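Undergrad: Those protein sequence lines, which keep their order, are chains R and D. If you use the numbering used here, the first sequence corresponds to residues 5 to 323, in order. If you use the numbering used here, the second sequence corresponds to residues -18 to 450, in order.
Rather than coming from a laboratory, the hints here were simulated on the basis of the structure. Remember, it's a predicted structure, so these values are computed and weren't measured experimentally. Heads up, the beta-carbon is just placed ideally off N, CA and C, and yes, glycines get one too. Heads up, some of the hints might be wrong.
A few chain D residues that face chain R, going by a derived Cβ cut-off under 10 Å, partial list only [to be verified]:
no., residue
1, ASP(-17)
2, LYS236
3, PHE268
In silico lysine-lysine, BS3-like type, Cα no more than 27 Å apart, as pairs [what the hints assert, rightly or not]:
no., chain 1, residue 1, chain 2, residue 2
4, D, LYS279, D, LYS372
5, R, LYS252, D, LYS225
6, R, LYS56, R, LYS97
7, R, LYS79, D, LYS236
8, R, LYS97, D, LYS250
9, R, LYS154, D, LYS254
10, D, LYS194, R, LYS154
11, R, LYS252, D, LYS254
12, R, LYS99, R, LYS79
13, R, LYS154, D, LYS373
14, R, LYS154, D, LYS24
15, D, LYS(-15), D, LYS279
16, R, LYS79, D, LYS250
17, D, LYS254, R, LYS79
18, R, LYS79, D, LYS259
19, D, LYS372, R, LYS252
20, R, LYS295, D, LYS279
21, R, LYS79, R, LYS111
22, D, LYS236, D, LYS24
23, R, LYS247, D, LYS230
24, D, LYS373, R, LYS88
25, D, LYS373, D, LYS236
26, R, LYS288, R, LYS226
27, D, LYS236, R, LYS88
28, D, LYS194, R, LYS251
29, R, LYS251, D, LYS230
30, R, LYS247, D, LYS225
31, R, LYS251, D, LYS225
32, D, LYS373, R, LYS7
Counterexamples of contact, computed for chain D against chain R with all Cβ distances above 12 Å [what the hints assert, rightly or not]:
no., residue
33, PHE14
34, ARG34
35, ASN237
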Amino acid sequence: MFKSIDDVIAQLAAQKYICSRRIATVVYLAAHLEKPILIEGPAGVGKTELAKVLAAALGLELIRLQCYEGLDEAKALYEWEYAKQLLYTQILKDKISEVVGAAVSLKEAVDRIAREDDVFFSDRFILPRPLLRSIQSPQRTVLLVDEIDKADTEFEAFLLEVLSDFTVSVPELGTLRARHIPLVILTSNNAREMSDALKRRCLHLYIDFPPAAQELEIIRLKVPGISDALAAQVIDAVQRVRKLDLKKVPSISETLDWAKTLTLLNVDQLDESVVNDTLSTILKYEGDIRKAQEELKAFLEKRKGSAGPGVADDKEFLH
Amino acid sequence: MDAKFIDFTGLLRENGLRVSIAEHLDAFRAVEFLGVADREVLKSILRATMVKRSVDVPIYDELFDLYFCGLGRIIRRSAESLMGAMQLSEADFQALMDRLSDVLEELDIELSELAQALLQNDMGRLEQMLREAAARAHVENIQRPFQEGRYSHSTAQHLGLGALAEELQRLRDQIGSANLPPEQLQALQQFIDRRLQDLNDMIKRAVRLEVEKRDQSLREKNRLANLAEKSFYYLSEDEIRRMKEAVAKLAQRLKNVVAIRRRKAKRGKFDVKDTLRKNLQYGGVPFRIQFDRRVRDKPQVIILCDVSDSVRNVSRFMLQFVYSLQDLYSRVRSFIFVSELGEITQLFEESEISDAIDQALTGNVINVFAHSDFGRAFRQFHRDYLAAVNKKTTVIILGDARNNYNLPQEWVLRDVRQRAKQLIWLNPESRLTWGFGDSEMDRYLPYCDVVEECRNLNQLYRVIDHLVH
């Protein structure tokens, strides 16, 4: 378990995840107060990654529930294995008639079966899905409910019981209580506003695109072969592109892809032709690419004019 | 400290943030757990536990700074400005205060707590005393800026400013008898005078801070509530910008509502045939129950927007609203007109909503500076696009029907209505003015299924809600 906020930062950094103090504070609180975290923010800022990294840092199992429209309890919580139950009744036919055989009346036969009915609704035939699994797990787990905004509102309401009490009601078995309270992380891309009831039960964390300095640190960590000058140029270009009015702004993972591509191509400095050739790694729409090309062209020319040939100093890129 | 949190939470609520009791308790637990020593951590804690909507974050940030850093900042600034006025560096300032305490010791003078805090620039203590005095003067009840004077006076009284003034006056005379070079003595006396004045300023600023807290909350609340009711005609530039956000938000809400409605409507009666078929795999034992699924036609919409000067704003929001909801319809075709008609459907397919609207309204499609001529535009629609209207189509016309005394050509509407599912006319003018002057509303009215006044966002919402129902 984490000892302090700084410890959180250090342990996540050891897993190659750079986070701000704000994020670390919320994680630390969540781990100690045993409250779920609801993470919101644009796509590709490392929301899901945070959960994975947390699990790795704490050495816990990560159980992931990917949400989608139409997700229901059977897929999220548990399901009775009907087919297996049917198969068993078929196989055990002889045994059943043995049990019922001696009964004289229909009522007695039903009573006898009733005495045995627990057999078919027991742990043997229950198929645990992610939520039940994380609650029943003998060790503490990290439960990631990914893209909760994609699920229906009903499902959200259903999650409330799990999130506030960490219990699950199975009508046939009663209420199952968590052996260890899992560290729950919900992520949302803001496709719709989550209900207040859900938000009330969670700590809220908004992750935005990181400032230039922090993103630079991320690139250096994740793309080891990159030169400092190129890394700075890439970050500066990406931060500029993000300010444009685009259909889809480049995320951190796309920035990393771009940096990797550039190092693979042995580029040591951004220029117009390189940018035009590789811009498709960070932008996925034709219109966006055209806009970004114009912006970067102007920017590259201006830089060339002011800094002259060769590598300009880092400060200028970072502002 | 607890009382302070409760007060702060109250302030958040006043500003439209919804903080439940459970969240408030969470905040308490979290603060208890991590302490209040680090202001940034405190800010993160309170934000994580109490501020759950990202739209609220800027308001929260502002209030937090105002509330938790405001008074401290006032006291610090006051000391800084004093240093500036006396042209002292920080070290000089400290030396001056040390010299003063030496003199006090030498003369064996015991100062009151307040005088000590003030003359030693003990900011923590000063802040605490100011806060207590303000609380006793009930400054939190202040509502209007003109009450500042009264509350400042009352705070000063509770702080004991009168006694302090006398005390400092006495002190000023006493240190005259100390063994000091004249220029040092003068500096000290100047320092004492200035500090008294500073305290006065601090009190005034502290009270004003309170006004700002309250005042801002009032302003904010009024703005949000009124925007939806405000007539489109009287929007300022800034309001138009914020209106766009409001429209987007409303559209999202409507989408959610409709999604729920449709899901509920989908579940029909028990379907025997389908249930039997689905359960063949379980040997005919009905484990899975099937229901009828009712299929609903998504509405098709044709919009005709008047974009002449007088109704351009309404058209803008109407278009934005409809296009934010595009996936609720099977097809939307939109036209704009002033005196000639132009189709903008493709424009909307190819570019972003706000871009497309801007392009449509700046004259790239039709001449937007002509005089309105509904009749001509309608005739053109009849000639070129009548075939697009079928019995699934809802036709919406948005315009004020001010026709500049041209021919109204209302027979077009008759034809359109015969073919369409329904014809809706939205008029951004007040119902009372319809039919007066060059308004041809009375002539068009008989041919419409629904005629609504549509002057503000709430009315627009109701109309569109009705449309997708």
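Undergrad: All hints are to be evaluated individually against the structure, with a verdict given for each.
TA: Results for each hint:
1. The closest approach between the C-beta of D/ASP(-17) and any C-beta of chain R is roughly 18 Å, which is over the 10 Å cut-off, so the hint fails.
2. Satisfaction of the interface hint for D/LYS236 is found here, the shortest Cβ-Cβ separation to chain R being roughly 8 Å, below the 10 Å cut-off.
3. Using the Cβ-Cβ criterion of 10 Å, the hint placing D/PHE268 at the interface with chain R is satisfied: the shortest such distance is roughly 5 Å.
4. Proximity of D/LYS279 to D/LYS372 is assessed by CA-CA distance (about 13 Å); at most 27 Å being required, the pair is judged to hold.
5. Taking the CA atoms of R/LYS252 and D/LYS225, the gap is about 20 Å. The hint holds against a cut of 27 Å.
6. Taking the CA atoms of R/LYS56 and R/LYS97, the gap is about 47 Å. The hint is violated against a cut of 27 Å.
7. Taking the CA atoms of R/LYS79 and D/LYS236, the gap is near 25 Å; set against the 27 Å cutoff, the hint holds.
8. This hinted pair does not check out: R/LYS97 and D/LYS250 have alpha carbons roughly 35 Å apart, beyond 27 Å.
9. For the hint pairing R/LYS154 with D/LYS254, the CA-to-CA distance comes to about 32 Å; that exceeds 27 Å, so the pair is violated.
10. The straight-line distance between the Cα atoms of D/LYS194 and R/LYS154 is roughly 38 Å, outside the 27 Å bound, and the hint therefore fails.
11. Using a Cα cut-off of 27 Å, the hinted pair R/LYS252 and D/LYS254 is violated, with the two alpha carbons roughly 47 Å apart.
12. Taking the CA atoms of R/LYS99 and R/LYS79, the gap is about 33 Å. The hint is violated against a cut of 27 Å.
13. With a C-alpha separation of about 31 Å, the suggested pair R/LYS154 and D/LYS373 falls outside the 27 Å cut-off, and the hint is violated.
14. Taking the CA atoms of R/LYS154 and D/LYS24, the gap is near 30 Å; set against the 27 Å cutoff, the hint is violated.
15. For the hint linking D/LYS(-15) to D/LYS279, the alpha-carbon distance of about 54 Å lies beyond 27 Å, and the restraint is violated.
16. Straight-line distance between C-alpha atoms of R/LYS79 and D/LYS250 comes to about 25 Å, which keeps the hinted pair within the 27 Å bound.
17. Restraint check: the Cα-Cα separation between D/LYS254 and R/LYS79 comes to about 26 Å, which is no more than 27 Å; the hinted pair holds.
18. A hinted pair counts as satisfied when its Cα atoms are at most 27 Å apart, and R/LYS79 with D/LYS259 qualifies at roughly 19 Å.
19. Only pairs whose Cα atoms come within 27 Å are accepted, and D/LYS372 paired with R/LYS252 is rejected, the gap being roughly 38 Å.
20. Taking the CA atoms of R/LYS295 and D/LYS279, the gap is about 35 Å. The hint is violated against a cut of 27 Å.
21. The hinted pair formed by R/LYS79 and R/LYS111 fails the criterion: a straight-line CA distance of about 37 Å is larger than 27 Å.
22. Annotation: proposed proximity of D/LYS236 to D/LYS24 is violated, straight-line Cα distance about 34 Å (limit 27 Å).
23. Annotation: proposed proximity of R/LYS247 to D/LYS230 holds, straight-line Cα distance about 22 Å (limit 27 Å).
24. Taking the CA atoms of D/LYS373 and R/LYS88, the gap is about 49 Å. The hint is violated against a cut of 27 Å.
25. Between D/LYS373 and D/LYS236 the alpha-carbon distance is near 21 Å, which keeps this suggested pair within the 27 Å criterion.
26. For a cut-off of 27 Å, the pair hint linking R/LYS288 to R/LYS226 stands: about 22 Å separates their Cα positions.
27. Distance check on the hinted pair: D/LYS236 and R/LYS88 sit about 41 Å apart at the alpha-carbon level, beyond 27 Å; violated.
28. About 38 Å separates the Cα atoms of D/LYS194 and R/LYS251, which puts this hinted pair outside 27 Å; it is violated.
29. Distance restraint check for R/LYS251 and D/LYS230: the Cα-Cα separation of roughly 18 Å lies within the 27 Å cut-off, and the hinted pair is therefore satisfied.
30. Among the hinted pairs, R/LYS247 with D/LYS225 is consistent with the structure: their alpha-carbon atoms are about 19 Å apart, no more than 27 Å.
31. Between the alpha carbons of R/LYS251 and D/LYS225 the distance comes to roughly 17 Å, so the proposed pair stays at or under 27 Å and holds.
32. This hinted pair does not check out: D/LYS373 and R/LYS7 have alpha carbons roughly 65 Å apart, beyond 27 Å.
33. At roughly 6 Å from the closest C-beta of chain R, the C-beta of D/PHE14 falls inside 12 Å, breaking its exclusion from the interface.
34. A Cβ of chain R approaches the Cβ of D/ARG34 within 12 Å, the least distance being about 7 Å, so the stated non-interface status is violated.
35. A beta-carbon of chain R is positioned within 12 Å of the beta-carbon of D/ASN237; the least distance is around 6 Å.
The structure fails hints 1, 6, 8, 9, 10, 11, 12, 13, 14, 15, 19, 20, 21, 22, 24, 27, 28, 32, 33, 34 and 35 (numbered hints given earlier, in ascending order).
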